[in-house]
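> Chain residues, written in single-letter form:
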Amino acid sequence: GVKDGRWTVLQLVEALGFCLENTDPRMRGRGIQLLSQVLLQCYSLLQEKEVLHLVLFYESRLQDHHLVIPSVLQGLRALSMCEVLSPGLAVSVLKAIFQEVHVQSLMQLDRHTVYSIITNFMSTREEELKGLGADFTFGFIQVMDGEKDPRNLLVAFQIVRDLIAKDYALGPFVEELFEVTSCYFPVDFTPPPNDPHGIQREDLILSLRAVLASTPQFAEFLLPLLIEKLDSELQSAKLDSLQTLTACCAIYGQKELQEFLPSLWSSLRREVFQTASEKIETACLAALHALSACLSRCVLSSDSEDLLDSFLSSILEDCRHHLCEPDMKLVWPSAKLLQAAAGASLRTYHRITRSVLPLLLEQYTKHTQSSQRRTILEMLLGFLELQQKWGHVEEDESTLLSLQAPVCSVVFSALTDPSVQLQLVGIKALTVLGSLQGFLSSSDVELVVDHLIRLALHEEDSQSSEAAMEAAGSLAPTYPKVFSGRMVPRLEQELQSGPPLRCVSSSEWDESYYNDCSLQQRCLQALAAVSTHTSIVRETVPVLLQHLQKVQKGTEARNTQDMVSVCQSLHRVALQCQQDMEGCWYFHQTVVPCLLAMAVQAAMQESTHMLPGKALLEEEVLAAMIPVISAATTHLSPELAAQSVSHVVPLFLDGEVSFLPQNSFPCSFQPFGNGECLEAQRRLVALLMAFVCSLPRDVAIPQQEWLLRELLALSCSCNCPFTATTAAKCFAGLVNKHPAGQQLDEILQLAVNRMDPSLAEGPRRMQALTLLLWVTKALVLRYHPLSSCLTDKLLGLLGDTELGPAAADGFSLLMAESLDVLHKGCHADVRIMFRQRFFTDNVPKLVQGFHGAGPDVKANYLKGLSHVLNHLPKPVLVTELPTLLSLLLEALSCSDRVVQLSTLSCLHPLLLEAPQIMSLHVDTLVTKFLNLTSSPAMAVRIAALRCAHALTSLPTTVLLPYKGRVIRALAKPLDDKKRLVRKEAVAARGEWFLLGSPGR
Amino acid sequence: LIRSINDPEHPLTLEELNVVEQVRVKVSDAESTVSVEFTPTIPHCSMATLIGLSIKVKLLRSLPERFKLDVHITPGTHVSEHAVNKQLADKERVAAALENSHLLEVVNQCLSVRS
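Protein chains in written order, with our numbering: chain A, -1 to 998; chain B, 1108 to 1222.
If you are wondering where the hints come from, they were derived from the structure by calculation, not from laboratory data. Just so it is clear, CB atoms sit at the ideal spot from N, CA and C, and this is done for glycine as well. Keep in mind that a hint or two might mislead.
Here are a few chain B residues that face chain A, going by a calculated C-beta distance under 7 Å [to be verified]:
hint : residue
1    : ARG1168
2    : ALA1203
3    : ASN1215
A few chain A positions that, by computed beta-carbon distances, are all more than 10 Å from chain B [as the list claims (entries may be wrong)]:
hint : residue
4    : ARG123
5    : GLY144
6    : GLU677
7    : TRP704
8    : ASP743
9    : SER810
10   : LYS822
11   : LEU870
12   : THR877
13   : LEU899
14   : PRO907
15   : ASP973
16   : ARG987
17   : LEU992
Below, in silico cross-link-like pairs of lysine-lysine (DSS-like), each with a Cα-Cα straight-line distance of 30 Å or less [what the hints assert, rightly or not]:
hint : chain 1 : residue 1 : chain 2 : residue 2
18   : A       : LYS981    : A       : LYS843
19   : A       : LYS387    : A       : LYS426
20   : A       : LYS253    : A       : LYS334
21   : A       : LYS961    : B       : LYS1198
22   : B       : LYS1133   : B       : LYS1193
23   : A       : LYS334    : A       : LYS426
24   : B       : LYS1175   : A       : LYS961
25   : B       : LYS1198   : A       : LYS970
26   : B       : LYS1133   : A       : LYS975
27   : A       : LYS47     : A       : LYS93
28   : A       : LYS970    : B       : LYS1175
29   : B       : LYS1175   : A       : LYS976
30   : A       : LYS961    : A       : LYS976
31   : A       : LYS387    : A       : LYS479
32   : A       : LYS856    : A       : LYS791
33   : B       : LYS1175   : A       : LYS981
34   : A       : LYS856    : A       : LYS843
35   : A       : LYS277    : A       : LYS364
36   : A       : LYS146    : A       : LYS93
37   : A       : LYS146    : A       : LYS128
38   : A       : LYS975    : B       : LYS1198
39   : A       : LYS975    : A       : LYS277
40   : A       : LYS975    : B       : LYS1175
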């Protein structure tokens, strides 16, 4: 009634009069409860005058019987939310509460109400409350003192934070306020199991930390507390103290810290030097970093003694001498401490490097063992990386610049050291030095490039040579001129010198031939690695293409391999220039026509002269070209892509060759034509696929319908599996991007009509199945309604004795990320969660099919199921587990290797993540795993041993009965003939030995 | 196998402390023998026996039964070399040591994979 305005609150109060004045406190309580409930519902409708009266009434009721108080507080809470509360009332309500109510003797809910009242007033009547002065703070301290419930604490901490943040008068009560909050530090709270409120320990820690670190006024009390907790034994207390200290440093100044610096430093030092826990070490370093940053912030504004300087001096004094003993334990902790302090500000950096860098350089020359040198150089590298953070080297102040010559000589000496580890660190250091603007002189840069070339091409260890290529790649954009002028010609020269003709076939010759080949490989890789700047790409791409043409003309057996590696290099270049519009277009324009031209030419030669197959047309090479073209296409802008597509599609449909370089061909190019001799030309559909399926979705493809029909025909009629599969993939890739509508439906209908008869019988069932799989994938990805119909067809095929196994493998194709088409990278329409959707739609059908199937095809269903499960995200898998577990266990006894393997890899994460459920089946699991450790397939043995290892994460009590048996059984694979199996066996057996024994 | 064993006193592995080195390990698959020489960090390292025991236990658990194990101290690097070698070579004493739950605890700590 009150809500609609038919009644006024006054009328309600009058009506309740009897109740409200009843002598029985219980009756009074009920009356007030009713009134409060009404008020909670319609506090926004109240008039100012009504509010005044109600407030006075409620205030007087606060002195009432304790049974009544909860309802009174509810009512006050409702009133505290009124906007029309007249000035002064808030203060009087709070005063009344502070005076009359002993908050901590109330129930949790009622205490929460009090906090809500305070919060409400604080958000709406800030000015009035500030008028109360420190009394308000004191009142609140009394209210909060002794609070135990985490829910209330969260609110209370928030209030304290607001008190401080909004600048309420704390008066003489700073220490009390600190006491009343800091008594909870460090938070020690474990939420009860099944806690419905969802308060985590972390929430409390964070909100308390926000309180403690909110004002410098707390510093004199807080810092001793932190030091005390840091010195305690408890890991969590240490961690919390360190993090709180870090938070405090953001607002503290020199004044607050001054007194405590020595003891803070000694505690931090002790922790870093002694701790075994990485977490604490990190926290210590962060705290030291924050401390130094804080001090360097204050240093400018004060004229008194330079605190920062003395602080850093004490750090240096304690850490410096450890740096001179690269074999000892304390080297790294010291270096980390120094680096943490040095990373705080430019000032600290200079102060520390001034002292440390010369020392490190001196130590480097003093120690001659490469392992010691490596440690020293790694420390040096840490400091150099910090310099990177400050950007360019400043002329006047930098110590680094004055040490330029010795630093360079140390790094160069590392590069020529025989130890690979030292070389690797040297290369890293080189990268950092190179990225410091203006640090290296031009002659140094040339020297650097020479070193990199030497390492990349001639260093025996592949790790170093790869690192050198990486370094070249990351430095090339900084010094493009030096690299394109010095490195590229060198590489080109090496590449052209090529493997010598094999005239003598002695073993000596063979070896040098082999070396030359690997040198060529290195050259190709290096050319790709260094192509990280547009100007360099313009130099390297022609070199690579030229090499490809040269190799193609040759006749040697290694040609295929060589061409594949050129393509791999081109692919890498393509990836590196994807982000750069200009480079990308250059690459596309140069490489795509060239590759197409070479391929077309080779195909023509084969079909006119019936020459033996050219290496260029081998599946491997074509497969290597696909990613090149695809990567060159995906990042094109729509206009440029449209320009390009208008050349490429007519090439395939009409044999329009005019845009290709060297376009004088002996006959016409018609990959979709009929005829025996066109087999080679048909293979080039792979290149068409690479191009067309990578186009952005908004690029229109000319004559798309015709193209689709041709592809469909090719995929169903071709005898060569490679061509048929590629055509099917290309078809699927286009269908996936085709806008929905009648046209799409017609095409799909056509495809289904084409597929059905070939699937049923005939010589081309496999081709039809491949087409079905790819089209299904294309549709499943985009949630097309037809996809379920096609999936059902596929499920039906599982029962087919001939196609069943292939169809089962097809499920992995459907669920896995495909490499060349139909993935996000080539702009395919991929909906998120398509796997989950496929799982929920189809797994019940699979299970049902399994139960209804004959014995000879049961394995197909299991295989399909395990493929689906294998690709499912693990969290989903764990929740779906209980229903499927029995089926999975059955799958373990299936004799098919693929099923075993994929089931094992399914079970492995489950063992780790859902040990409770799995321990119910421990007996079966142990038996099955142990049986599989003697499987003939190595991969199965490894997977079974991994699972046996993972078993140890089940509850120990469940496992102990099996311990002896497992240890005995695992002794056998220890002597396996494969090293990887032995390795897993050792790990698993060692873990089983530790089960249930002391000291684990 | 033994490079990752933790030192009982330091938070480092035996390899990092150069207690075991590749050149001092001899394996003959044909004869099924393994011989490990280890170098205690200092000549009177009190943990030498324990380190030896850890290595031996780790190998016992990780190698097929056909191997005969020989774990001993690199000659000339420890003051009570012979005594320790004798202890390690004695099957009964190794077995007895592993019955001792306190010793077993320390050994297992050395062998646990570091988190």
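> Now tell me if each hint is right for this structure.
Hint check:
Here the hint on ARG1168 of chain B is kept, as its CB sits about 5 Å from the closest CB of chain A, short of 7 Å. Look at ALA1203 of chain B: its Cβ only gets to about 16 Å from chain A, farther than 7 Å, so that hint breaks. Interface restraint check: ASN1215 of chain B against chain A, minimum CB-CB distance 4 Å, threshold 7 Å, status holds. Every Cβ of chain B is farther than 10 Å from the Cβ of ARG123 of chain A; the closest lies at roughly 53 Å, confirming the non-interface assignment.
With a closest Cβ-Cβ approach of about 39 Å to chain B, GLY144 of chain A is found to remain outside the 10 Å limit, as its non-interface label requires. Against chain B, the non-interface label of GLU677 of chain A holds: every CB pair exceeds 10 Å, the least being about 52 Å. Every CB of chain B is more than 10 Å from the CB of TRP704 of chain A (nearest about 62 Å), matching its label as outside the interface. At roughly 58 Å, the least C-beta separation between ASP743 of chain A and chain B is larger than 10 Å, which holds for a residue marked as non-interface.
Listed as outside the interface, SER810 of chain A is consistent with that label: its C-beta sits roughly 33 Å from the nearest C-beta of chain B, beyond the 10 Å cut-off. The claim that LYS822 of chain A is not at the interface with chain B holds, since no C-beta of that chain comes within 10 Å of its own (minimum 36 Å). With a cut of 10 Å on Cβ distances, LEU870 of chain A stays outside the contact zone with chain B, its closest approach being about 29 Å. With a least CB separation of 28 Å from chain B, THR877 of chain A remains clear of the 10 Å interface cut-off, as annotated.
Every CB of chain B lies more than 10 Å from the CB of LEU899 of chain A, the least distance being 25 Å, so the non-interface label holds. The Cβ of PRO907 of chain A lies farther than 10 Å from every Cβ of chain B, with a closest approach of about 19 Å, so its non-interface assignment holds. A beta-carbon of chain B comes within 10 Å of the beta-carbon of ASP973 of chain A; the shortest separation is about 4 Å. Listed as outside the interface, ARG987 of chain A is inconsistent with that label: its C-beta sits roughly 6 Å from the nearest C-beta of chain B, within the 10 Å cut-off.
The beta carbon of LEU992 of chain A sits about 6 Å from the closest Cβ of chain B, which is not more than 10 Å, so the claim that it is off the interface is violated. A distance of roughly 40 Å separates the Cα atoms of LYS981 of chain A and LYS843 of chain A; the hinted pair therefore is violated under the 30 Å criterion. Between LYS387 of chain A and LYS426 of chain A the alpha-carbon distance is near 16 Å, which keeps this suggested pair within the 30 Å criterion. Among the hinted pairs, LYS253 of chain A with LYS334 of chain A is consistent with the structure: their alpha-carbon atoms are about 27 Å apart, no more than 30 Å.
Restraint check for LYS961 of chain A and LYS1198 of chain B: satisfied, since their Cα atoms lie roughly 23 Å apart, inside the 30 Å limit. Note on LYS1133 of chain B and LYS1193 of chain B: the hinted pairing holds, with a Cα-Cα distance of about 19 Å set against a maximum of 30 Å. Restraint check for LYS334 of chain A and LYS426 of chain A: the C-alpha separation of about 18 Å stays at or below 30 Å, so the hint holds. As the CA atoms of LYS1175 of chain B and LYS961 of chain A are separated by approximately 24 Å, the hinted pair is consistent with the 30 Å bound.
Proposed proximity of LYS1198 of chain B and LYS970 of chain A is supported: the alpha carbons are some 22 Å apart, at most 30 Å. A distance of roughly 19 Å separates the Cα atoms of LYS1133 of chain B and LYS975 of chain A; the hinted pair therefore holds under the 30 Å criterion. For a cut-off of 30 Å, the pair hint linking LYS47 of chain A to LYS93 of chain A stands: about 21 Å separates their Cα positions. Taken as a hint, the LYS970 of chain A and LYS1175 of chain B pair is honoured in the structure, with Cα atoms around 16 Å apart against an allowance of 30 Å.
Between LYS1175 of chain B and LYS976 of chain A the alpha-carbon distance is near 21 Å, which keeps this suggested pair within the 30 Å criterion. A threshold of 30 Å between alpha carbons decides the hint, and for LYS961 of chain A with LYS976 of chain A the separation of about 25 Å falls inside it, so the pair holds. A hinted pair counts as satisfied when its Cα atoms are at most 30 Å apart, and LYS387 of chain A with LYS479 of chain A qualifies at roughly 25 Å. Our distance criterion of 30 Å between C-alpha atoms is met by LYS856 of chain A and LYS791 of chain A, whose separation comes to about 17 Å.
Simply put, LYS1175 of chain B and LYS981 of chain A have alpha-carbon atoms about 19 Å apart, close enough for the 30 Å limit, and the pair holds. A C-alpha spacing of about 13 Å is found between LYS856 of chain A and LYS843 of chain A, which places the hinted pair at or below 30 Å, so the restraint holds. Between LYS277 of chain A and LYS364 of chain A the alpha-carbon distance is near 34 Å, which puts this suggested pair outside the 30 Å criterion. Note on LYS146 of chain A and LYS93 of chain A: the hinted pairing holds, with a Cα-Cα distance of about 23 Å set against a maximum of 30 Å.
The suggested pairing of LYS146 of chain A with LYS128 of chain A holds, with an alpha-carbon distance near 27 Å, which does not exceed 30 Å. Restraint check: the Cα-Cα separation between LYS975 of chain A and LYS1198 of chain B comes to about 28 Å, which is no more than 30 Å; the hinted pair holds. Distance check on the hinted pair: LYS975 of chain A and LYS277 of chain A sit about 41 Å apart at the alpha-carbon level, beyond 30 Å; violated. At most 30 Å may separate the alpha-carbon atoms for a hinted pair to count; LYS975 of chain A and LYS1175 of chain B meet this at roughly 19 Å.
The structure is inconsistent with the numbered hints 2, 15, 16, 17, 18, 35, 39, although it conforms to all the rest.
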